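Protein chains: 2
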Amino acid sequence: MEIAAETQKKAGFFAYGWDCLKSSKTKLVQVAKNAQKQGQDDPRKIIHSLKVGLALTLISMFYYFRPLYDSFGVSGMWAVLTVVVVFEFTVGATLSKSLNRGFATMVAGALGVGAQELASLFGEEGEPVVLGILVFLLATASTFSRFFPRIKARYDYGVLIFILTFSLVAVSGYRVNEIIDLAHQRLSTILVGGATCIIISIFVCPVWAGEDLHNMTVRNMEKLAHFLEGFGGEYFKEPFDGESVVDSKDDKSFLQGYKSALNSKGTEESLANFASWEPCHGRFRFRHPWKQYLKIGALTRQCAYHIEAMSSYINSKIQVSAEFRMKIQEPCTKISSESGKAVKALASAIKTMTDPSSADPHVENAKAAVKDLEIALNAASLDETDLLEIIPDATVASILIEIVKCMEKVSESVHELSGLAHFKGVEPNVTPEKPQLLHRGTIKPIPDGDATDVIITIDEVSSVPPENDKGPSKGKQDESRVNMG
Amino acid sequence: MEIAAETQKKAGFFAYGWDCLKSSKTKLVQVAKNAQKQGQDDPRKIIHSLKVGLALTLISMFYYFRPLYDSFGVSGMWAVLTVVVVFEFTVGATLSKSLNRGFATMVAGALGVGAQELASLFGEEGEPVVLGILVFLLATASTFSRFFPRIKARYDYGVLIFILTFSLVAVSGYRVNEIIDLAHQRLSTILVGGATCIIISIFVCPVWAGEDLHNMTVRNMEKLAHFLEGFGGEYFKEPFDGESVVDSKDDKSFLQGYKSALNSKGTEESLANFASWEPCHGRFRFRHPWKQYLKIGALTRQCAYHIEAMSSYINSKIQVSAEFRMKIQEPCTKISSESGKAVKALASAIKTMTDPSSADPHVENAKAAVKDLEIALNAASLDETDLLEIIPDATVASILIEIVKCMEKVSESVHELSGLAHFKGVEPNVTPEKPQLLHRGTIKPIPDGDATDVIITIDEVSSVPPENDKGPSKGKQDESRVNMG
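So the sequence lines, in the order shown, correspond to chains A and B. Take 42 as the starting number for the first sequence in our numbering and just add one per residue. Take 42 as the starting number for the second sequence in our numbering and just add one per residue.
Certain hints may be false.
The list treats identical chains as interchangeable, and a pair is accepted whether it falls inside one copy or across any two copies.
[As the list claims (entries may be wrong)] DSSO-like, lysine-lysine: derived pairs with alpha carbons at most 30 Å apart:
#1 Lys-332 x Lys-68
#2 Lys-78 x Lys-332
#3 Lys-385 x Lys-306
#4 Lys-450 x Lys-293
#5 Lys-63 x Lys-193
#6 Lys-293 x Lys-78
#7 Lys-66 x Lys-300
#8 Lys-412 x Lys-332
#9 Lys-300 x Lys-63
#10 Lys-332 x Lys-66
#11 Lys-306 x Lys-408
#12 Lys-382 x Lys-278
#13 Lys-300 x Lys-193
#14 Lys-68 x Lys-193
Hints listed in this document are in silico derivations from the structure and should not be mistaken for laboratory results. The structure displayed is predicted, hence computed values, not measured ones.
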């Protein structure tokens with residue numbers, strides 16, 4: 042009995058061990074699959090990892106070899122630290138962190154030396170008290186400043202490093218000439234680390250925050266366009282249950298895509314912030330109007346909210362009046378598809394950075410279809426129709442009209458962008474909101490060289506919906522870049 | 042002439058200086074006002090700044106005084122560094138960073154020693170090569186792991202510190218016994234710094250991420266409730282232009298409040314993540330169902346999208362049919378106000394952590410009002426009405442019906458929360474979705490002590506809309522906390 046129990050126990054133990062091994066194997070396989078998916082989704086992630094590895098290895102070796110090690114001293118490790126902390130996915134983020142770190146270290150170091158000098162005037166007993174008070178005041182004030190939206194958006198990391206360096210220098214207990222030596226070492230190592238990061242980040246397969254923002258804006262608009270182009274067909278399709286279920290399963294994705302635009306605010310804002318740190322790259326100039334992308338993004342989101350409300354009527358089980366549907370089906374489908382085409386044209390204009398005027402006919406068509414819809418509604422006689430049965434269709438029609446209004450605003454703001462960013466084929470001095478009707482044919486296009494002096498009037502953001510502006514959203518890009526040089 | 046020009050120049054210079062002084066004075070005043078506003082908005086920001094100042098001063102003094110300084114050596118500065126980097130606004134964030142930092146330093150230190158030992162086997166020439174390869178591999182793999190949503194959400198900072206410490210130890214060039222000394226010093230100083238932060242963060246006016254999430258959820262629901270309660274009156278009000286403009290200006294804010302719920306996803310997710318690191322506090326147990334708040338938040342947001350679409354019909358200039366409006370005004374106002382009351386009751390149930398059943402009558406009333414509306418619509422004869430004139434009202438009615446559906450889902454998920462979090466007056470083993478109709482009066486409430494074993498069935502998140510799940514949103518709280526101890 043006992044032996045049997047023992048054997049069973051042993052067998053149980055081995056079985057348990059085997060189970061563990063098997064489950065950890067499946068887990069490993071899962072992790073590997075996950076990793077593969079991550080890499081396939083965005084190969085830049087793999088490249089970024091390799092870049093960090095490269096930068097860190099370079100700096101580590103730099104630090105490891107004695108001749109360099111001796112000249113830099115222990116502070117060589119600051120170079121390693123800088124690389125690890127400063128190297129971010131996008132060039133803009135890396136630049137922002139490096140510059141913040143370098144600048145803050147300099148200012149805080151100088152202030153720290155000053156604080157020490159000041160404290161030393163108070164004698165051996167007074168010194169720690171004065172230093173303590175100074176550290177307390179500075180840390181408190183700086184920490185509080187990090188709550189200011191503007192500072193949080195652009196200089197958060199700088200303030201952190203400022204507090205850090207000031208405290209370290211002020212209480213280090215070194216004498217001034219020692220400190221200056223130390224500061225020189227630290228600054229030069231930070232420079233080496235930061236420069237390595239910046240160089241690798243810019244010159245080895247760079248990931249530009251600005252380009253990301255540009256692509257993200259385009260992608261969100263394209264998704265909206267897909268939805269709108271397909272919506273009419275999907276909503277008004279005949280309910281042949283058997284067939285439609287089968288063939289609709291694979292192409293339903295276009296009905297969900299727009300959802301990614303609903304929550305894009307945070308990402309867009311941080312990308313725009315990082316983009317404003319970036320030098321000119323590819324098709325983007327140094328002061329590319331990144332702020333305008335945020336405006337377009339907000340309007341796209343506004344559209345997406347309406348679409349979200351409208352999408353709850355797709356596949357609704359409510360009985361609808363066939364007579365009424367027949368009357369509005371055509372204009373509604375037209376509105377939806379023309380709006381979709383307009384948004385698509387606008388997205389492609391941004392993508393290729395060309396004149397977005399090719400969207401204008403579609404905008405006009407959509408507006409004409411709205412008129413048609415209104416006429417159809419006006420003419421509809423409802424003598425024998427149950428009102429309840431027209432409600433879903435009427436709602437969809439009404440929301441479509443709102444979407445056209447939204448889409449017009451998107452179009453306006455894309456036209457603004459095309460003017461601000463000097464898209465190809467755009468006359469730079471025509472205010473895009475009041476289009477060419479008056480000027481067409483009479484205005485002379487100003488050559489590109491003069492275009493920089495042209496002031497483009499833009500109605501302020503009144504058309505952008507007031508969104509949740511708590512946090513670091515407002516006026517992120519107002520700051521001048523000069524300070525950080 | 043020259044003198045006059047000179048004088049003018051001087052005057053100009055002084056005027057310029059004076060202007061500068063004045064403008065910098067106005068700027069300073071502005072900054073001060075801004076700071077005052079920040080402090081008044083949330084006095085916890087001031088308290089947090091003072092807490093950081095306190096922690097840093099304590100640690101700096103600790104580091105400054107020689108007896109301590111001698112025993113800790115240069116690594117005392119790691120304590121200062123830890124305080125600056127780790128002290129965050131909420132307890133959860135501080136805990137998360139401290140634990141990540143401590144744990145990562147330990148593991149990476151051990152691995153670093155191992156790497157060094159391994160490399161030393163390859164002789165003087167092979168050593169740097171092997172070390173370089175190891176650093177490269179580890180940095181690359183770790184950086185890549187930071188893209189995994191789960192790791193990014195909870196262990197991002199830990200991985201960063203892991204890379205940092207490993208590189209520093211591996212290439213430090215110290216011998217093993219020196220390293221163990223160094224590691225001991227570094228770990229103990231990090232412990233001192235981390236512990237100071239944690240203690241001050243928890244015991245001096247703590248800011249709990251969990252409580253913040255709880256309050257934010259309540260606040261967003263209350264804002265929705267305000268909108269819904271006021272919407273009927275606002276939308277159907279008689280257009281007495283002169284009067285209404287005056288008295289409506291001051292109470293229009295309730296029409297905008299809901300917008301803060303539109304973009305709350307990111308904040309909610311990071312708060313829920315930090316909350317899961319927090320110990321029990323106040324009314325919240327250790328494993329409070331923070332994830333359920335995200336579900337409620339997503340449904341609240343869904344409601345807010347519908348409200349956003351509906352709000353474009355307030356103050357629309359379109360002529361409406363008075364006859365039709367008369368018929369639907371009452372049920373619509375009822376739906377809106379009862380939904381508002383229901384959401385308010387749900388919000389207050391979460392706020393006070395009591396049984397949310399008090400919302401049920403309002404939910405039922407709202408549903409009854411939907412029925413009434415449908416009857417009214419059914420009965421409405423439209424013989425002489427222009428269809429175009431009923432469209433806005435019909436759309437509002439239709440969206441209100443959708444809002445009731447949404448609100449029902451919110452109510453369900455609040456009931457779920459009340460069961461999961463053992464709200465006062467909730468029978469813990471009744472599945473909240475299939476309410477008491479069958480059981481009422483026959484079931485015996487299980488005493489609180491046993492309640493932990495009760496399994497509560499919850500329909501999975503199918504009712505939550507698929508949102509933009511790119512990034513660190515999915516399954517944040519699945520991870521067990523045990524690993525980080």
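Each hint tested on the structure:
no.: 1; hint: Lys-332 x Lys-68; verdict: between (44 Å within a copy, 24 Å between copies)
no.: 2; hint: Lys-78 x Lys-332; verdict: between (33 Å within a copy, 26 Å between copies)
no.: 3; hint: Lys-385 x Lys-306; verdict: both (21 Å within a copy, 28 Å between copies)
no.: 4; hint: Lys-450 x Lys-293; verdict: both (28 Å within a copy, 24 Å between copies)
no.: 5; hint: Lys-63 x Lys-193; verdict: between (48 Å within a copy, 27 Å between copies)
no.: 6; hint: Lys-293 x Lys-78; verdict: within (22 Å within a copy, 49 Å between copies)
no.: 7; hint: Lys-66 x Lys-300; verdict: neither (36 Å within a copy, 47 Å between copies)
no.: 8; hint: Lys-412 x Lys-332; verdict: neither (34 Å within a copy, 47 Å between copies)
no.: 9; hint: Lys-300 x Lys-63; verdict: neither (39 Å within a copy, 50 Å between copies)
no.: 10; hint: Lys-332 x Lys-66; verdict: between (49 Å within a copy, 29 Å between copies)
no.: 11; hint: Lys-306 x Lys-408; verdict: within (28 Å within a copy, 34 Å between copies)
no.: 12; hint: Lys-382 x Lys-278; verdict: within (20 Å within a copy, 38 Å between copies)
no.: 13; hint: Lys-300 x Lys-193; verdict: both (28 Å within a copy, 23 Å between copies)
no.: 14; hint: Lys-68 x Lys-193; verdict: between (40 Å within a copy, 19 Å between copies)
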